[in-house]
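**Student:** Here is what each chain is made of, one letter per residue.
Number of protein chains: 4
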Amino acid sequence: MTEQHITFRPRPDQFAFTFGGAEPVLRVRPGSVLTLWSEDAYCGRIGSAQDLASAALNPGELNPQTGPFWIEGAEPGDVLAVHLVDLTPARSWGASALIPFFGGLTSTPQDAGLQAPLDERTYIYEYDSTRHTVQFSAQAGDFTVALPADPMLGTVGVAPAQREVRTSLVPDYFGGNMDTPEMRAGSTVYLRVNVEGALFSLGDGHYRQGEGESCGTAVEGALNVTVIVDLIKGGEAADAPAWPRLENDTHVMTIGSGRPLEGAWKASQVEMVGWLSRLHGLDLLDAYQLLSQISEVPLANVVDTNFSCLTKVDKRLLPSAPVFDGIHADLARRAAALGTISY
Amino acid sequence: MTEQHITFRPRPDQFAFTFGGAEPVLRVRPGSVLTLWSEDAYCGRIGSAQDLASAALNPGELNPQTGPFWIEGAEPGDVLAVHLVDLTPARSWGASALIPFFGGLTSTPQDAGLQAPLDERTYIYEYDSTRHTVQFSAQAGDFTVALPADPMLGTVGVAPAQREVRTSLVPDYFGGNMDTPEMRAGSTVYLRVNVEGALFSLGDGHYRQGEGESCGTAVEGALNVTVIVDLIKGGEAADAPAWPRLENDTHVMTIGSGRPLEGAWKASQVEMVGWLSRLHGLDLLDAYQLLSQISEVPLANVVDTNFSCLTKVDKRLLPSAPVFDGIHADLARRAAALGTISY
Amino acid sequence: MTEQHITFRPRPDQFAFTFGGAEPVLRVRPGSVLTLWSEDAYCGRIGSAQDLASAALNPGELNPQTGPFWIEGAEPGDVLAVHLVDLTPARSWGASALIPFFGGLTSTPQDAGLQAPLDERTYIYEYDSTRHTVQFSAQAGDFTVALPADPMLGTVGVAPAQREVRTSLVPDYFGGNMDTPEMRAGSTVYLRVNVEGALFSLGDGHYRQGEGESCGTAVEGALNVTVIVDLIKGGEAADAPAWPRLENDTHVMTIGSGRPLEGAWKASQVEMVGWLSRLHGLDLLDAYQLLSQISEVPLANVVDTNFSCLTKVDKRLLPSAPVFDGIHADLARRAAALGTISY
Amino acid sequence: MTEQHITFRPRPDQFAFTFGGAEPVLRVRPGSVLTLWSEDAYCGRIGSAQDLASAALNPGELNPQTGPFWIEGAEPGDVLAVHLVDLTPARSWGASALIPFFGGLTSTPQDAGLQAPLDERTYIYEYDSTRHTVQFSAQAGDFTVALPADPMLGTVGVAPAQREVRTSLVPDYFGGNMDTPEMRAGSTVYLRVNVEGALFSLGDGHYRQGEGESCGTAVEGALNVTVIVDLIKGGEAADAPAWPRLENDTHVMTIGSGRPLEGAWKASQVEMVGWLSRLHGLDLLDAYQLLSQISEVPLANVVDTNFSCLTKVDKRLLPSAPVFDGIHADLARRAAALGTISY
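So the sequence lines, in the order shown, correspond to chains A, B, C and D.
When we follow this note's numbering, the leftmost residue of the first sequence carries the number 1, and every step to the right adds one.
When we follow this note's numbering, the leftmost residue of the second sequence carries the number 1, and every step to the right adds one.
When we follow this note's numbering, the leftmost residue of the third sequence carries the number 1, and every step to the right adds one.
When we follow this note's numbering, the leftmost residue of the fourth sequence carries the number 1, and every step to the right adds one.
Source of the hints: derived by calculation from the structure; they are not laboratory data.
There could be a bad hint or two in this list.
[Stated by the list, open to error] Cut-off 35 Å, straight-line C-alpha distance, at most; resulting in silico cross-link-like pairs (DSBU-like, lysine-lysine): (1) A:K315 x A:K233; (2) B:K233 x B:K315; (3) C:K233 x C:K315; (4) A:K315 x B:K315; (5) D:K315 x C:K315; (6) D:K233 x D:K315.
Bear in mind that the values here come from a model prediction, so they are computed numbers and not experimental data.
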């Protein structure tokens, strides 16, 4: 089976707004390179600081997904491996919005109250592609600062199980809107396949995001995206993840999502205990003990319908233990071989 | 007023087990250097893998505190600044214990259930002072690995307000058992003074700890500790912290504690929003927006009576803005001038 | 438009397992009486104490729904009013199961840990239709007790908004698996319509349930169900509920769902503050104050994917204030006029 | 040992504001009748609707406690039984205050945010001792309603263990500020003794309170209080409660406190599972199953530093099983024999 290099830029009517429930836009073979375009979380409706969220946004059209892609041969229990080859800002600016009753330091529909909402504001961050920075400018003063750009995808996921269809605003066991800065170029995401064809999609590009995504929005921006999509069949995948996993050159990571936040943490930890146990031949209590001393735990978001938390382990601390036969290194090598991607 | 260099090693009957409520062991002048010895969290009752927690430990004598120290002139509203000069393992081994109904991946008295407890185990980690490592050995197999030592204090605190006395197992606004790896040599801790004399103490040394302290215990060990204690008087301290703050050469940090975990996160975030606002002349919404893009959020512990979470900001991303007139740099300079500490 | 009395007993292949996403089984006119049969939560797979959950159940076929019914003329923003006329046990026994990693006093996938699961057990409760009791018999001793039967529906709901499809195990703003004993005959449920046709369904009959549904299962049993379904059009429904509401002869109630449990409580409270405000012409703070002194707050479940909590107000404490033009009294009158229902 | 009838009305300088840490005001023998006066939660600082909380209150003097009383012979592990004989409003009005950043439907220091506080308001409720009602009057309109008075104590507790001293605002395993309407005349409270002498106190009278105490304050008012205090010695008390228990003529109840709210619920449930198991000779899983079908679960408060939740079981559903040798019935008989209490 020949691997493909597919380029796909969705038409405005081709976005999906759910995981599950949307017709696939393309069928792709495992091992294919996909060069994609992803619209920003606002569906392109915010273009200036005057575009305040409550007036500009369509609540039914947030986090537009590029996809879903039907992965040939994918069946429930398999593992989808998506290597992020390149994420490049597709516009010269990104935008972050303070949205009424959305974010981490305000009441929300999930954590309701009677206080008045915070004021709305929209911040435009100019993206300097030469210096690779995004520029923050205060609205109540002259303060400005150029911050390093660090492009990432807020949303990567597959269709859920149990006949469910979930909005692209939700992070859960199927991936989705996890909003972690670790979802950057160079990482490989592992997702359990829940339905035939997997129905993989991505979106919600961020030019930069802090851990926790405090106000609810990052420096949101359209992205040019190149990924390699591969498939680990069930035969090999007795270790199919219950929660999304990430691997880069230095770390293995698990991402739990839930509420309250300790639920997200526990999910990521139990997933990592099992993973360490398997990789290094430890029993669960030994793996628990070891993890207690080496865990890195950055939050991803404390603002979405579910919160997300990472557990990271630095591979360099431990004996070498290839994950899924070393697929990350293989994909990274293939990515390098692609050279510079032009969009 | 001459600064002092005081050496204090508590007798077994001199430990405190509370924040507040204990008589001061010494009165010290602001600016003093303290060279101290801290016993491990087990009060020295665990010495081998055969010492299982439920038999070996005295629940009323955990996290013994070295102190409290009465800081001359400290009054409510002042800020205590404690610079951690040096933390050196005082024994050739540390110990981590799996304790029934304690830890992050089990039911606990605060999160009760009907399941049987996990098995008890005690792990002894040999400390290699030359390579500066601690050695993990699995109990159910041959796996071993040497991990870099990274000594830290689990517990640093002052007496609480409102006449309260809290056990040294609790982290809260007065500091206490925050259990963050950031409490390492080179850091300056800022704590609001709640009672006259501040009544500062420290303990619960860890030779190494993962973020979250998953199983409830780090590589616990006795430490030789050198700190400089200083005082920022109320006049200068209109910005007295509501929650503990940390500063090192690269970051400013706030530590929130509470339950559920999002409460700890929110506390650390609101504290940092206020701090950024003050340091950089931003209004609260601008500070909230900026923090959303630059926050680093590692968990501290998800196992204590309150959970603890950090919000970190990399000072190098922002314009220079000295904290409390640059006291951290001053203290770091004084620490360097002390040369190598011998115990 | 003539009102209908429709009788519908689903074939085994006609059950739905989701809110949203399933084809309607019937189209019914507002005002219609529906006489239905609902299978138990286990899809009939548990018939004796030897049928343990992990072997007997199909995780993809739980909480089978009778429906969905397309309500003629229902549009988003309308309010569906469902009056529960009669709930009669359809079998001579119900069953409650202790299911591994499910329930309130064990770790669960949403609140994960490393402890071993509780033992599985299945309890058969004989239903005595003359005395109207269900019989509990201990498995580890001779203790037996006959408890009053109090039939209720665990699950009543409509299709969610935002293109979502949710399993019938979830309670949320669209109703669903709320698991409250208040969902008994004599109550009227109000649900906001989210999609054209509303797509209303019900199931998960309980012959009796404690508040909280501690172990995760009630005395689950097939039910004969008679309801009247009515529609309040948007014109009248400027007060369309954000969360499910209930009314019976003595109380008005709101049901919030979420995690942590305080989120469910807050949702029910804010909904009731708004409702009291509207019914009695109070501003929000006056309604908040009044509610603080008259609220009754029984938990519904602390075991489902979302937890559910009620806020109840005794109508007899307050001046008369008809809800939706007194539709509950009208429906109760119509129900009485139906006389004894025979199945 | 002769039983005493002691009358005690604290002088303004005699109130305690903590559990633990305060000197006993009296030593009393087990079996004594205490006729007491308790000041309101505001320490009497609110007397009219013009007294807004932020100006009127002293944050260090809230929930003044009448006591503590040293109970002769009480030792750790014993059980203190306090029978509430009579609670009579001591003033002709009570007051409820909306306090900035306090209450269930606003951000708080424990659940921080950036929104502006709700407006402050103070409501005076006239108490009509003839009709036994308290009168609510809206501030933004003419709405008034007379609500039945239902006097209760917000705060009943003993000194905590582990050398701790806690403010009288906190509910926990030692009782304290549980804020449940079930703490009314006719109830017997069981509290584990943690320190010699028990150091029992009470306060925070409410003329009426809704479940949850939504806005954070009930109809707060000074009370005349008569209780009988008795002691169950450790020998008899192998079943010493881990959490406060209540008994009245119809129900046994347990009160859990913690955060998040499900932690409070779990504590109350596990306590009741153990209690049912012991009373009726059930194993824990049988007790769990039975409780699942008979639990009543009203919330107590969702506003204090810890939240509180009750688990109630209707004794009339189960075979007779006297608690602590029927001490509640004995105390109720003694209370009846006291006749009408005059203050």
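**Student:** Next step is simple, just say for each hint if it's right about the structure.
**Tutor:** These are the hints, each one checked on the structure:
A distance of roughly 24 Å separates the Cα atoms of K315 of chain A and K233 of chain A; the hinted pair therefore holds under the 35 Å criterion. With a CA separation close to 24 Å, the supplied pair K233 of chain B and K315 of chain B stays within the 35 Å bound. With a CA separation close to 24 Å, the supplied pair K233 of chain C and K315 of chain C stays within the 35 Å bound. Taking the CA atoms of K315 of chain A and K315 of chain B, the gap is about 28 Å. The hint holds against a cut of 35 Å.
A hinted pair counts as satisfied when its Cα atoms are at most 35 Å apart, and K315 of chain D with K315 of chain C qualifies at roughly 28 Å. Distance check on the hinted pair: K233 of chain D and K315 of chain D sit about 24 Å apart at the alpha-carbon level, within 35 Å; holds.
Comparing the model with each earlier hint shows no violations; every hint is respected.
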